[in-house]
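Kindly generate the complete structure, drawing on both the sequences and the hints.
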Amino acid sequence: MNGVRTYRRPISTWWWVGKRTYFVFVMRELSSIFIAWLVVYLLLMIAAIGRGADAYDDFLRFAANPVVVVVDLVALAFVVLHTITWFGLTPKAMDVRAAGRPVPAAAVIASQYVGLVVVSAFVVWLVSR
Amino acid sequence: MSDGGFTATHDVLVIGGGGAGLRAAIALADADPVLDVAVMSKVYPMRSHTVSAEGGAAGVIAEGDTVEEHIYDTISGSDWLGDQDAIEMFVDEAPRELLRLEHWGCPWSRQPDGHVAVRAFGGMKKMRTWFAADKTGFHMLHALYQTSLKHDDVTRYDEWFVTRLLVDDGRVHGVVAVELMTGRIRAVAAKAVVLATGGCGKVFPFTTNANINTGDGMALAYRAGAPLKDMEFVQYHPTGLPFTGILITEAARAEGGWLLNKDGYRYLQDYDLGTPSPTPVLRSMELGPRDRLSQAFVHEVEKGRTLDSPYGPIVHLDLRHLGAKVIDAKLPFVRELCQKYERIDPVTELVPVRPVVHYMMGGVHTDLDGATPVAGLYAAGETACVSINGANRLGSNSLPECLVFGARAGRAAAEYAATAGPAPAAVAAQAADEERRLEHDLLGRAGTERVSAIRTEMQSTMEESAGIYRTGPSLAKGADTLAELQQRMARVGVADRSRSFNTELVAALELANLLDVAECILRSGLQRQESRGAHQRTDFPARDDETFLTHLLVHREPDGSSRVERLPVTITRWKPGERVYGR
Amino acid sequence: MPDEAGTIGLRVARYRPDTDSEPGWQEYDVPLRREWTVLDALNHVKNEVDPTLSFRWSCRMGICGSCGMDVDGTPRLTCGTFLADFAPGPIRVEPLSNFPVVRDLVVDIDDFIQKLPRVKPWIIRDEEKSVDEGEYLQSPEELDAYKQFSMCINCMLCYAACPVYGLDPDFVGPAAIALAERYDLDSRDQGARERLDVLIEHEGVWGCTFVGECTRVCPKHVDPAGAIQRYKLKAARESVKALLLPRGAR
Numbered sequence: 001m002n003g004v005r006t007y008r009r010p011i012s013t014w015w016w017v018g019k020r021t022y023f024v025f026v027m028r029e030l031s032s033i034f035i036a037w038l039v040v041y042l043l044l045m046i047a048a049i050g051r052g053a054d055a056y057d058d059f060l061r062f063a064a065n066p067v068v069v070v071v072d073l074v075a076l077a078f079v080v081l082h083t084i085t086w087f088g089l090t091p092k093a094m095d096v097r098a099a100g101r102p103v104p105a106a107a108v109i110a111s112q113y114v115g116l117v118v119v120s121a122f123v124v125w126l127v128s129r
Numbered sequence: 001m002s003d004g005g006f007t008a009t010h011d012v013l014v015i016g017g018g019g020a021g022l023r024a025a026i027a028l029a030d031a032d033p034v035l036d037v038a039v040m041s042k043v044y045p046m047r048s049h050t051v052s053a054e055g056g057a058a059g060v061i062a063e064g065d066t067v068e069e070h071i072y073d074t075i076s077g078s079d080w081l082g083d084q085d086a087i088e089m090f091v092d093e094a095p096r097e098l099l100r101l102e103h104w105g106c107p108w109s110r111q112p113d114g115h116v117a118v119r120a121f122g123g124m125k126k127m128r129t130w131f132a133a134d135k136t137g138f139h140m141l142h143a144l145y146q147t148s149l150k151h152d153d154v155t156r157y158d159e160w161f162v163t164r165l166l167v168d169d170g171r172v173h174g175v176v177a178v179e180l181m182t183g184r185i186r187a188v189a190a191k192a193v194v195l196a197t198g199g200c201g202k203v204f205p206f207t208t209n210a211n212i213n214t215g216d217g218m219a220l221a222y223r224a225g226a227p228l229k230d231m232e233f234v235q236y237h238p239t240g241l242p243f244t245g246i247l248i249t250e251a252a253r254a255e256g257g258w259l260l261n262k263d264g265y266r267y268l269q270d271y272d273l274g275t276p277s278p279t280p281v282l283r284s285m286e287l288g289p290r291d292r293l294s295q296a297f298v299h300e301v302e303k304g305r306t307l308d309s310p311y312g313p314i315v316h317l318d319l320r321h322l323g324a325k326v327i328d329a330k331l332p333f334v335r336e337l338c339q340k341y342e343r344i345d346p347v348t349e350l351v352p353v354r355p356v357v358h359y360m361m362g363g364v365h366t367d368l369d370g371a372t373p374v375a376g377l378y379a380a381g382e383t384a385c386v387s388i389n390g391a392n393r394l395g396s397n398s399l400p401e402c403l404v405f406g407a408r409a410g411r412a413a414a415e416y417a418a419t420a421g422p423a424p425a426a427v428a429a430q431a432a433d434e435e436r437r438l439e440h441d442l443l444g445r446a447g448t449e450r451v452s453a454i455r456t457e458m459q460s461t462m463e464e465s466a467g468i469y470r471t472g473p474s475l476a477k478g479a480d481t482l483a484e485l486q487q488r489m490a491r492v493g494v495a496d497r498s499r500s501f502n503t504e505l506v507a508a509l510e511l512a513n514l515l516d517v518a519e520c521i522l523r524s525g526l527q528r529q530e531s532r533g534a535h536q537r538t539d540f541p542a543r544d545d546e547t548f549l550t551h552l553l554v555h556r557e558p559d560g561s562s563r564v565e566r567l568p569v570t571i572t573r574w575k576p577g578e579r580v581y582g583r
Numbered sequence: 001m002p003d004e005a006g007t008i009g010l011r012v013a014r015y016r017p018d019t020d021s022e023p024g025w026q027e028y029d030v031p032l033r034r035e036w037t038v039l040d041a042l043n044h045v046k047n048e049v050d051p052t053l054s055f056r057w058s059c060r061m062g063i064c065g066s067c068g069m070d071v072d073g074t075p076r077l078t079c080g081t082f083l084a085d086f087a088p089g090p091i092r093v094e095p096l097s098n099f100p101v102v103r104d105l106v107v108d109i110d111d112f113i114q115k116l117p118r119v120k121p122w123i124i125r126d127e128e129k130s131v132d133e134g135e136y137l138q139s140p141e142e143l144d145a146y147k148q149f150s151m152c153i154n155c156m157l158c159y160a161a162c163p164v165y166g167l168d169p170d171f172v173g174p175a176a177i178a179l180a181e182r183y184d185l186d187s188r189d190q191g192a193r194e195r196l197d198v199l200i201e202h203e204g205v206w207g208c209t210f211v212g213e214c215t216r217v218c219p220k221h222v223d224p225a226g227a228i229q230r231y232k233l234k235a236a237r238e239s240v241k242a243l244l245l246p247r248g249a250r
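Chains as they are written, first to last, in our numbering: chain A, 1 to 129; chain B, 1 to 583; chain C, 1 to 250.
Hints are computed from structural coordinates only; laboratory data are not their basis. Incorrect hints may have been included.
[As the list claims (entries may be wrong)] For lysine-lysine, the following PhoX-like pairs were computed, each having C-alpha atoms within a straight-line distance of at most 25 angstroms:
1) C/Lys115 with B/Lys150
2) C/Lys220 with B/Lys325
3) B/Lys340 with C/Lys147
[Unchecked claim] Incomplete in silico selection of chain A near chain C, CB under 8 angstroms:
4) Val4
5) Arg5
6) Ile11
7) Trp15
8) Phe25
9) Leu89
10) Met94
Since this is a predicted model, take the numbers as computed values, not measurements. Idealized CB from N, CA, C, for every residue including glycine.
Written out as structure tokens, the structure is:
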């Protein structure tokens, strides 16, 4: 505005630390790095399989490295966080209606977990067959 | 300042951005695309007090309802003091205005078939009150505000406080205002000015009105030479929450709520308002007019049949029998307000209520087009007195009044501006005078009196002298005290030395407005030696059509004193009769 | 006065642009009364203690949207925030975050005022019906579809809570997008396409990274976060359509 010296408060680098919701939000944003890591990990594994048994053994040794295990565990935690928050978001983004009535948010979220379990069970079946 | 001392020049300047002001602005923009229109308000438009209106807006649309009946209800509700030509025109135009708002997106509550729904309201013989749950004013205001954004050529001066109308030779030529953000004093020229600044509930201590309702437009017009009309008629709403004064809408009673005294007795049956029945009966009991219901409360207090609360006597509003479903569908805001501010749930508990100052029937004297006696100066909404409300306004008539007369004033101002010439040189000198006054008499002075102290005294004086019941001596005593307060006001200084957003300066300017308005209320109250509608004189308990079937106009004399003038009520077809409710 | 239970401290941010280079704190003691809100306490200070304290307020019933401030770090309507809930105090009262401070507890919301018209929050019709033809029919169910988003009082709490808005002031922001959604969902409106064109831009819905705090602080349960996510879905659908379908079929 013309002529008024308004004061813009600086935003601290650590603005997200003080409030739980902000913290969870930044963690969720951060989770994308670990998702990316899992994709790289998967690609490495597929490449190893493609190059034959020796390469795959090398990969397994690499995967058993304690550092890699820790990174994977952290990645798993972030993936879980990402999944939970993503599922939680769905009913907000989609106005799901059945027979003209809005489907309750809890039902939308629950159906996603059911889907997750079904897909996981299928993968487990596929692998352990 | 440039352009001969003026910051800007417009064809029409609307003061106030509430229901009436925004409706006027849109009407102006629609009237003539080349017209230069501006809206100036001391708050952002969506903060205006229209936002607090809850119950609804009356307009004849339902099957079986007639314009004649709405006219009759309004006239009898006004205790025959409303001008019948104005009421006929108002009732006739209200449905179209409400429909227009429907087209602009107002989320009116609906019937299952998709048509607009209507509800009952006090003093109305038919169901004709359109509503948007119980946030009608909020939805109307936001629909108006958002629609007004379409007209991007309308200049807005948000948070500018007008301190003076520039008038020369009986014609208005603009305003002087304080831009609150910077504290700069600015002059804005306009060929026509529409006042839509709302009411003045803040002259009283206990009111439903918002902090901003300080009678600014009334005081500006009064000082500029336009008289104030019917100022003795102050509406008490029968159901306000104690302490806060927050309004519990009449719709609560229209949906079936009961008023109970301390014995759980529906006491209105003792005051010629009908006999109780479990379901609401139109124009009866709890659906009687506001003046009669508030007066009944005073009698209950005298009989010792009210309950005591830390904030004075109360009665109970009983909504429990309506059930959660009806309350949540029709009265969600009532439930929210009760839970938040009284920590009670109306679904299971009784709501404590007492009468509370709600609305000013009086205002700036205008004709049917909102024109005041000052050429180029228009007024609409609660600021104005056309008059359709007479001695008592019916609930749900004020929102359509804002629309009907906002639009009319806008159109009339557009026509006037098309023929008016530029401001004469004398006006710039006036603006400079006003700037000096603000700089030296308020900002630059270390005063000996405090705004808040004078305001508190004024408010208690008004409650004591001009409450639901008044007497000649109480009004005269109040007038004496006010005269003293006016003198003390001259010694007020603004301690706040900062220019930017100086709310102490605003409070001082508002208090000056309130004092002038309060003076007019007492002045005409003294003059009206009869009891009619909301003006009840215990020393003159009867209505006196012989002498007082007339408006009272308070003029300001050049020396600052006031003069009261009479103006006959316009009667078209409805001869004055008895007001009958519940029988 | 009834229900008095001692006093409570208010720690209020002060800023006078004419004299201060940056905001500072001022402490006041106010009576702790059961029915007093933070706004009542501020008015007590202004009327009885320090008339120079500046803040906005009007309706004191949670509908005009004037009195939003940060109370103990969370944006709230001070007229609906009770002192007793913060006992024993002290209560920290600051101007709303993410907005430039004009003076004391007053912030400059001009940015929102400028942004709101950009999302065209009004009924857009291909063909306007005349008032003489009566109302547009709208069933109670159709009304319910947008009702929640029409409850926004423009109080700016959601902007104060939104870190994205804090970091990128170009972001259109929660309330404006919720209002766009309000008109999109209105059965009388045909302007969804025009609004999407605005909101599909970088500073539109894609600015939002779904913190969700806007919905949490909304005093009117408008759920702007939900509105934004729905808009993203709409925008994504449109982008996919634009990619896959020939021009005429969109």
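Exercise for the section: Report the numbers of all earlier hints that the structure fails to satisfy, in ascending order. Expected result: none
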